[in-house]
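Chain order of the listed sequences is F and G. Numbering-wise, this note's numbering puts 188 at position 193 of the first sequence, and it's gapless, one number per residue. Counting from 1 along the second sequence, just add 246 to a position and that's the residue number in this note's numbering.
The set of hints was computed from the structure by calculation and includes no laboratory data. Watch out, some of these pointers could steer you wrong.
[What the hints assert, rightly or not] Only some residues are given here: those of chain G computed to face chain F with a beta carbon under 8 Å: (1) 373; (2) 446; (3) 479; (4) 530; (5) 534; (6) 537.
[What the hints assert, rightly or not] In silico lysine-lysine, BS3-like type, Cα no more than 30 Å apart, as pairs: (7) 385(G) x 259(F); (8) 323(G) x 373(G); (9) 373(G) x 500(G); (10) 220(F) x 293(F); (11) 163(F) x 220(F); (12) 323(G) x 500(G); (13) 396(G) x 259(F); (14) 396(G) x 469(G); (15) 323(G) x 396(G); (16) 323(G) x 385(G); (17) 500(G) x 293(F); (18) 259(F) x 293(F); (19) 469(G) x 293(F); (20) 261(F) x 293(F); (21) 261(F) x 469(G).
[Said to hold, decoys possible] To spell it out: a stretch of chain G is covered by chain F in this simulated footprint if at least three of its residues, at any positions, have a beta carbon under 8 Å from a beta carbon of chain F; those stretches are: (22) 298 to 304; (23) 308 to 316; (24) 451 to 457.
The beta carbon of each residue, even a glycine, is placed where N, CA and C say it ideally should be.
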Amino acid sequence: MTRVCVAGVGVIGSLFAGFLARVADVSALTRREEHALALNEGGLRVSGRADFTSRITASTRPEDLSEPELVILASKGGDVAQVASQLAGHWPEATVMTVQNGIGADEIVARHGEWRLLSSVTFMSGTRHSDTHVEYVLDTATWVGPSRGTTPADARTVAALVESSGLKAQAFDDLRPAQWSKLIFNATVNTVAALTGLRHDPHFAALDDSRDLGHLVRGLMDEGKAVAAALGVQLDEDPWEMNLLATQRGHRHAPSMLEDVQAKRKTEVDMITGSLVREAQRVNVPVPLHETMYRLIKAKEDSYS
Amino acid sequence: MRVCIVGCGAVGSLFAANLATLDDVEVWAYDLAQAHVDAINRDGLRLTGAGDVVGHPRATTDASELPPCDFGIVATKAMHTAGAIAATAHAFAEGCVATVQNGIGNEEVLAEHVERVIRGTTFPAGKITAPGVVQWDVKGDTTFGPFEPKPAPQAEIERLADACTRGGMPTDAVADARGPQWRKVIFNAATNPLGALTGLTHGRVCERADLRALVTRLVDEGKAVAAAQGIELDADPEELIDYAARPEVAYDHKASMLQDVEARRQTEVDYLNGGIAEFGRRLSVPTPAHDTIWALVKGVEASW
């Protein structure tokens, strides 16, 4: 059986751990001691689109866990460096797969060790009811691609493992087209939702009147597309089309950044919009709209911190 | 002289109470808030804070009670201008009507209903603390001038300015009031919505370097739109922004738009950022930052 360690056990980490434990030997590296204890005692329950409980070995220290072949680093974007530093010096033979929003998580991990790396983005979503119970809500895919020291074949192996567990996955020879499509989509939809309080609904596609939100959404997406183009990345999906499709489906999805500001939590804006702005600066493409959104979100965090 | 204040909220009340202290001015106050109107008719209209004044205007919620007036001073929120002037226009058939409202575009609405319009802008501010009682937070100047397409006679503008000044509201009558008006609009449009979107007070908006730079972008776009119309600002809005950020002035002040957003009331963004953006479009002056802020605040309103 493949040995997998999930490092960072929030919603996404819990979904990976719960499902993969059905086809692999899964351990979990948690931040909190009581989280590890609860998992060791009661296992991890998955509900929603499935209903089962998985046995998982958990700890806050890598040295307590057996060496895995695959590490899924599923922490929030802001915690990647901290988790990677915790892994430093351990498991040199393992492959580490990052699943954060935005881009650049694999580069951060690369600074902490010589592991082979895979890059991924996930579109699945869930709700965390407790340390030991996660609900599987949106059964959309996780996209996997090669990064440092890995090949498309490695990406296909991991995607196949994820698929066999009951989650959806797809391997890409080059993840950047998909990653940039999602980054542009996320940087736009998350910040607009967080600042307006609107869920991702038809307002985001409205273009009838000059003040309609669709113009801003499209402007933000056009800036992102210019950055991708300057980097030589050919987008795999047009973010504006993704926006039209999502708003027409009528889900009125609440983007995570909206939930974060409503709960007065720190947002992932540094990983999402921040990484887009940093890449833009690297290739000298002006992104004044994204800079404006970034500043407003940081200031909003400031108002409740 | 007979003057009717149309919209007797905080700013309208400052004009109504002060003008009512003059022997030669008969003041009427038209407002839809019955409790405020009843309190004014029973106890008078009381100002506290920056000045202690009790005036006795005649207040009504019924526009048909209004007698013919020499002057109207419209002080409603900008989105209520059309309704308020449509109801009261009969009283100004022979008179002149001034606006002391926020934003741009109010004179155009007034001119659809009355013949002689006075462009105006005012800096004093306050808030209603109880029916019939207004806290006067900030004193400041008022400027009146003709609204060019349907101007009031300059002598009449001077007569109204003189009455306001004698009543305790220092007011200038000028040939072109657009400079002060655009300075105030730019000030409001560059700062109010940032408070509304982030939840920060005026002082905290200004002390974040990244946000202060955004304020300057909004100011610069506003200045370009003003310049394209040949408007000379009477002073740099930046000075007013920095002045207001001082601890002893308005550091802790929650912009009216932030108060509106917190109370889930419609904001004046259409007349501030929207006004600048619309003028910019007509004049081919790009206003991307105002467009962004306008769309975001409209989104906030749509989320309720």
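We went through each hint and held it up to the structure:
1. 373: Hint violated; residue 373(G) Cβ to chain F Cβ min 21 Å, cut 8 Å.
2. 446: For residue 446(G), the interface hint holds, since the closest Cβ of chain F sits about 5 Å away, which is under 8 Å.
3. 479: 24 Å, violated
4. 530: 14 Å, violated
5. 534: 7 Å, holds
6. 537: Since the shortest Cβ distance to chain F is 7 Å, the answer is holds.
7. 385(G) x 259(F): Violated, at about 36 Å.
8. 323(G) x 373(G): 13 Å, holds
9. 373(G) x 500(G): 12 Å, holds
10. 220(F) x 293(F): 23 Å, holds
11. 163(F) x 220(F): Holds - the C-alpha atoms of residue 220(F) and residue 163(F) are around 27 Å apart, at most 30 Å.
12. 323(G) x 500(G): 17 Å, holds
13. 396(G) x 259(F): 50 Å, violated
14. 396(G) x 469(G): 25 Å, holds
15. 323(G) x 396(G): 22 Å, holds
16. 323(G) x 385(G): This hinted pair holds, its Cα atoms lying about 19 Å apart.
17. 500(G) x 293(F): Cα-Cα ~18 Å, so holds.
18. 259(F) x 293(F): 12 Å, holds
19. 469(G) x 293(F): 27 Å, holds
20. 261(F) x 293(F): 9 Å, holds
21. 261(F) x 469(G): 35 Å, violated
22. 298 to 304: Since three or more residues must qualify, the claim that chain F covers the region 298 to 304 of chain G is violated, with 0 doing so at under 8 Å.
23. 308 to 316: violated (count 0)
24. 451 to 457: The restraint on the region 451 to 457 of chain G holds, since 4 of its residues have a Cβ under 8 Å from chain F and three suffice.
Figure legend: structure checked against the earlier numbered hints; hints not met, in rising order: 1, 3, 4, 7, 13, 21, 22 and 23.
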